[in-house]
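Protein chains: 2
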Amino acid sequence: MTGKVFFSVTMSLDGFIAPGSLGELMGQQWMELQQWVFSQRFFRENLKLGEGGEEGRDNDIVRETHLRTGACVMGKRMFDAGEQMWPEEAPFHTPVFVVTHSKRDPWQRPGGTTFHFVNDGIESALRQAREAAGDRDVRIAGGGATILQYLNAGLVDEFTIALSPVLFGSGIRLFEGVDASRVALEQIRSEPTQRVTHLTYAVRER
Amino acid sequence: MTGKVFFSVTMSLDGFIAPGSLGELMGQQWMELQQWVFSQRFFRENLKLGEGGEEGRDNDIVRETHLRTGACVMGKRMFDAGEQMWPEEAPFHTPVFVVTHSKRDPWQRPGGTTFHFVNDGIESALRQAREAAGDRDVRIAGGGATILQYLNAGLVDEFTIALSPVLFGSGIRLFEGVDASRVALEQIRSEPTQRVTHLTYAVRER
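Those sequence lines, one after another, are chains G and Y. Going by the numbering used here, the first sequence opens with residue 59, and the numbers climb by one from there. Going by the numbering used here, the second sequence opens with residue 59, and the numbers climb by one from there.
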């Protein structure tokens, strides 16, 4: 019995997951996009942002996503940005396999996160992550380009999008460059909360 | 008491409402996108496609959208395409105000649809549609460019998207060119059915 390979992101109604620039307007929209998660108790505790936060269904979903994850895969750009931003106790608490050309020894953080640097491609990183995850799931953590590589390669079983009621107009699109001739979807869950709609799709080959 | 101004479209998960070309793949994806509505009893009856069809919640939603509509506004391109395709008894059954530079007398169809050709802009077309609609709502019927003109001008009160589990990869994006510095949204309803998720947003000014 092995786990699933999934990703989970917050997307604007017009399809963006991140701003293209960090101007004032985009900063505001980025906050609006992520507002639903920033305000959750589990998220705040996990990033050591302090006590408090909401405890409703959105919080349960953030926690469930964390608990199902036995290992993560991420791209080099997400790692490079995160390395500057994560607290010392990085928020993954699992092995994390970083797809990169840089050679580097495993980097162990307090709290159970160890970063492994994989130099031989996305399939190798996923194989190692599956093994580390055991019967839990593997999360393709990001960024967008890495998620799309896995999706187009047919290596994602399902994914969840928190669809946020905000329009970006420009930025980084989640599905830019998707191979629509290959990826078919089935809506398997759709759960509205006060702030967003949590959409879950299974990926099928066409 | 006047009605609301709304639009209602089916959108792919990656933000497209129509194919950019009519190749084989796009034809298939277009059918997948629209499948949820093509199979509904109300839709089939209204377009004289024959008896039968589904009668669940999706069908109710198609019917409710039709019944709330007291007048429509559409762009010239949608009218030109539709003129070739609609049955003699056009499927609107309300006054329809077509924003166009072409001068033409009103065109009355059996079943209550009369097309009026408006040459002095989107605000004039909306004003005439509001008057014709009485206390029912005005639907900005399409196409995408016309919907976006009204949205960016702050003239839309709310809209509904049937979010369909299909990826297009290319085509005509609903929100291409949206003025994100002006349009803020509030999620007011989100209702999943077997086939799609019906999302309703109120439009607020930033």
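Hint data in this document are derived by calculation from the structure and do not stem from the laboratory. Computed from a predicted model, the values in this text were never measured in an experiment. Check the hints yourself; a few may be wrong.
[As the list claims (entries may be wrong)] Some chain Y residues judged to face chain G by a derived CB distance under 10 angstroms, without partners named:
#1 K62
#2 E109
#3 G110
#4 E112
#5 H174
#6 N177
#7 L225
#8 L257
We put the CB at the ideal spot given by N, CA and C, even for glycine.
To see whether the hints hold, each was checked on the structure:
no.: 1; hint: K62; in the structure: 18 angstroms, violated
no.: 2; hint: E109; in the structure: 28 angstroms, violated
no.: 3; hint: G110; in the structure: 24 angstroms, violated
no.: 4; hint: E112; in the structure: 16 angstroms, violated
no.: 5; hint: H174; in the structure: 31 angstroms, violated
no.: 6; hint: N177; in the structure: 30 angstroms, violated
no.: 7; hint: L225; in the structure: 5 angstroms, holds
no.: 8; hint: L257; in the structure: 6 angstroms, holds
Hints 1, 2, 3, 4, 5 and 6, counting from the list given before, are not met by this structure.
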